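Could you put together the complete structure from these sequences and hints?
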Amino acid sequence: MSAVPLSLPRGLLARAAVLGPLAQAPGRAALSIIAIALGVALGLAVHLINRAAVSEVSAAARSLSGHADLVVQGPADGFSEALYPTLARVPEVAAASPVIEAEARVVGTRETLPILGLDVFRAAALHPVIAAAAGPRGDALFAEDGILLSASAARALHLKAGDTFTVQAGLTRMELRVLDLLPAGAYRQRLGIMDIAAAQWKLGRLGHLQRVDLRLQPGAEREQLRARIQALLPAGVQALTPEDQDAQAASLSRAYRVNLTALSLVALFTGGFLVFATQALAAVRRRRQIALLRALGVTRRLQFLYALTEAGTLGMVGAGAGIALGIAVAAVALKTFGADLGAGYFPGVEPELALTPWEALPFFLAGVVTALAGALVPAWAAASAPPAQALKAGDEERPASPSRGWRTGLILWILAALAIPLPAVNGLPLFGYAAIACILLGAVFVAPFAARTLFARLPVIPHAGYQVATAQLRGTPAQGSLSIAAVLVSFGLMTSMAIMVVSFRASLDTWLEKVLPADLYLRTGQSGDTAFIPPEAQRLIAATPGIARAEFGRGREIFLAPDKPALALIARPMNPERAQKGLALQSAAPVPAGRTPVWVSEAAADLHGLKPGDEVAIPLEGAARPFTVAGIWRDYARQTGAVLIDRDAYVQLTGDGRANVASLWLSPGAAIGEVSAALRARLPAGTDYEIASPAEIRAVSMRIFDRTFAITHLLEAVAIVIGLFGISASFSAQVLARRGEFGMLRHLGMTPGQVGGMLALEGGILGALGVAMGLAAGFVVSLVLIHVVNRQSFHWSLDLHLPWGLLLALGLALVCASAFTAALSGRRAMGPDVLRAVREDW
Amino acid sequence: MTRLLRALLATMLALAAQAADYPPVVPGRALSFPADEGSHPAYRTEWWYVTGWLDAGNGKRLGFQVTFFRSRPDLDTGNPSRFAPRQLLFAHAAVSDPGVGRLLHDERSARAGFGLAEAREGATDVRIDDWSLVKSDGVFRASIPAREFGLDLAFRASQPPLLHGAKGFSQKGPEPASASHYYSLPQLQVSGEITAGGKRLPVTGSAWLDHEWSSSLMDAEAVGWDWVGINLDDGGALMLFRMRDARGGARWAGGTLRGADGTVRAFAPADVEFAPERNWRSPRSGIAYPVAWRIRVGDRVVTVRPLMEDQESDTRKSTGTIYWEGAVEAFDAADRPIGRGYLELTGYGKALRL
Amino acid sequence: METPLLSLRGVSKTYAGPRARRVLKDVHLALRAGDYIAISGESGVGKSTLLNLIAGLDKPDSGEILFEGKDLGAMNDAARTELRRARMGFVFQAFHLLPHLTVAQNIALPLTLNRINSDAAAARVRALLEGVALGDAANAYPAELSGGELQRVAIARALAHRPALVLADEPTGNLDPETAAQVLALLKAQVRGDHAAGILVTHSPVAAASADRVYLLTPEGLVPGNP
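Chains as they are written, first to last, in this note's numbering: chain A, 1 to 842; chain B, 1001 to 1354; chain C, 2001 to 2227.
FYI, nobody ran anything at the bench for these hints, they're computed from the structure. Hints are not guaranteed to be accurate.
Residues from chain B shown here face chain A by an in silico Cβ test under 7 angstroms; the list is partial [unchecked claim]: (1) P1085; (2) S1109; (3) G1115.
These numbers were taken from a predicted model, which means no experiment stands behind them. Backbone N, C-alpha and C fix where the C-beta goes; we use that ideal spot for every residue, glycine too.
Okay, here's the thing in structure tokens:
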């Protein structure tokens, strides 16, 4: 007899306990891995995309201010240049570099080009790069049409040294000559540099500066000096450190970023839940296998560790795959949509992707820990089962329960109720997210109770398939609860996001209708701070045939607090009686006689702690002017806030009679097209303006809105897929466990179709309950999203709009998908081998 | 002489805007003092240039130079901006210390305006930030807080201004159009402080101030120049220069000698002949400079030799020029010391083109 | 001449297993109503295969199987399923009761599948429960019963819809000898009582002995045997 070579590796028992199950159920292992990978990938991708964007933006901000120790920053329309010598003469200031900042539209393209006006001599101390690039042609830079372009600007505009191109800034159109390109490493963003004098003149900034960058003497105490310098500055101008600038760049997108990260946590949560579901079912399925190992002498603790090792292995493989996937997703998303995923926070920035192992580690660990946490309860329950009982046939149905009862759920809901009224932490709606997690988790815990209650009340119908299906549901509420919870979580998330997005969209639509009462709008180009409608042009516009009434508005930027981003100041004809009509007013207070009213947007009110009746000092022309808050209005256009004052009051205080926007009402019978044409003909050639009807503005706004929320729809889809995965996992495992049953039913004369229908019925009932609970939970979550998360993140109030039709259709679709998934998972039940399963007991 | 280095910037202007309308330098314009000690902003270029030898005690001798330079860009702009580059100001300061072996130098540059950088008309008052050269109560004061050193010096005139050429009309080439208004204040008595290495040293010494303005100085053939100004030990003053062409030959030359008795003699091109005595090659730039010269002046021969060899100024990073400018000692035909002054050598690395 | 309830003529079936080819070769059998036979044989000789063929769950490679005169080989799966549902009953070694249905509901399952109205079904189930001496366990769940009791429920279920043929596959395999004897007796009595035919497939000589006739399944075919 020839000896068969025996393979008896070390750790045979561990292999049997860990690898055996994995190899036995590769499909289930793959499912868990995919779920973990998706969660990790999504989280990492969001982190990478945003980190790339924010670091790019702050790097851009830093490169603009060079080696400055302090930056004196004014609002977009700047401050008087007389401040410059004052700053330069402060003894501790080693170098002071005055700066003009402007945005010009490149004629013939859709691009805008940020232009810096610099005094090369002064900038040299802070920007060695500029000194080096400008040095050999220092005086050439004085050319009034000369500009130096950053490498990325040259690339984007397809220009090279010596080329000329035309830009539109303010009212003037001018031809610029590319003197040279800056070295590729100097400025990664799109940028052009002109002489400060030419910039002041050509960009309409005579007498003004936007910024003075300061370099301090060695040894100067920066914070002390900052306070002293701040004291020299007029209202609305701030002395910032480079760190402040970073913070401003990051704060711009922080809320948006946190929202995305929260969504990725949701994905990870769902993934962890799925591991729990598959592990719980695996534990059920392997109950006797585990009992056998226990009977062979494996201790409870060891068996528990084996189960955790198995889950940990899944977690590591999944997390590893997730990191690779996350990097790939981020790379593709950055390339395709840009750093803000189309939200428009970081225009003109070309981010680069980079990841260090240390950065990836938390995401990897999150994946592994999620897998372990998901496996903890089922693994312990399986290890704890008395082996003798588990070895007996017919004892499959005592699985680990996903809940320790509905009491836990109630406690979670109470916690959610307590968290909802809490304020934002550091500007972030952390308690809102906690409440959402509690609501969903609570629903998951309550699901088994709801399932039991419902299944006990299912009507009795003398139909064999129905009887068996309902008996199965009644008999295994815990298993069913897994499917319900999977659907509940995914449909809950989808519902809440759908309600929020639809509410937002409808509110925006209503708002646009309210704020765009005129027939036609004329507004100066994108370079809003350089482009104006001067008084002569205003008269010209108002006198255009076909125009019955014209109202002019002025928009500019102001700073109310040094640590907050700039606000928009809007001056337009206002009277307190009309405020209610022309503004989406949320609250109001009477303004005492003799006080000047100001209407502040919700964001301004939230960020600066203003309420109706408050006094507020608004910096105008370097002086802080007192105003009284007359009301708070809804504004979806400006996330960092807006304040609105009467234009007459504004002109009186500032002498600034220019405008940026004209609202035009047509005479009866006048056609929009003809009036537009007449306006174009009357306005001086080369004026940078747009004429649009409210319909066009609304269409553009809605398009931008839809693009911004495209990512949300993707996440909804992911949540649904994960939910269906949950059903599929649950049923695949159940079908394996119930093969004997299906074989018997086939013997008793059930057709494969009847068996499939029975499974579909089970899946459908579970799906329907999950959808119903998800709908309820999702509705509550949507309220939290709208009134807490959204309000605290973006400072926008929304009106609730419920897309019932959409939700019902989606719910129905999900129920059908659940039924279909369950039937599909049970296809094995229809195979011939199921017939043999009746004799396959061991 | 021509501390034109930074003026070269202005020559590179190739602007779409209208060219500036510079007044020509013409003979017969009488210089009047102290009015002509101030700025002449209409002219293209102008400089105030102080060089000298300092005694820091213990026999320690140092050379120094302080230059303020004004340039009116070739740009007649209608730009009403206060930043419009109507006048550019530059300053350069250096200390030659044989103990260090190389130049300590620093520079400033700015467009005039906002009271931060100005060159006043009617009196010497030129400043860029905290660097200044101001005459008040008959005394010139230079305050130069630089990166590696500080100069705080007062200069007292002991003699009337020395007008070069024809009463201050100094021709620089075969064409009379190449010329400048040019006078010097030699034998200035220096007192003050020099700060170096964290130490303040009281110093005394003698200095030489050049003030020159022009609109067209170099003609098309000239590539550079050699210049020397010496305070003679006997109280006299000697200034010599030559413009070089591309072959290294003299395109033009000239000079002025004021004797101890006050008699002034102006030299024609034929009277002045520069002959290099020794070359020194810069280890940094690789450029060879004739740092010692035998110069024939009429029937006399004057030899100049440097305080130290390495007095090269590298300003290529900011202005694209590199030149040698340093303290020299002068000797007569018998090699006896007769005075001390400064030597400037330009256009050796590559031609300076106007 | 009376048509046999079941006749197998020259039935052969081959399919590859992992280690050996299982072969059913030239099997002949005729069974009349009321017959109660046992088929015995070594493990792996094809007893289960034969049972599947008779139940219409599988088709022979050659030969024919007639049930009540109809050729199972000529029927499609739906017709065979219909026939099985209405005319056959099954008892399995592992009982295969649905854990979440009560004893009574398990027994009623074939009645529901055959659309027998609930009143008639209730009466039938009650009678069957009495028959297998489990009248007091009607609303118990399988997990509460012993092995013998479970198999008695299974026997009741097999007969619920009054099948013409009861197929029992090692019905006592999971039972102790004493219980096994009781179950065998009960099975035979119940089958007889309902005028059904019975085929008892077993490798146990003791079990086989309870039948009227015993056949031995060998690789060469089905031969009459004496256990």
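Going through the hints against the structure:
The beta carbon of P1085(B) comes within 5 angstroms of a beta carbon in chain A, closer than 7 angstroms, and the hint placing it at the interface holds. Using the Cβ-Cβ criterion of 7 angstroms, the hint placing S1109(B) at the interface with chain A is satisfied: the shortest such distance is roughly 5 angstroms. With a least beta-carbon distance of about 6 angstroms to chain A, the hint placing G1115(B) at the interface is held under the 7 angstroms criterion.
The structure shown violates none of the earlier numbered hints.
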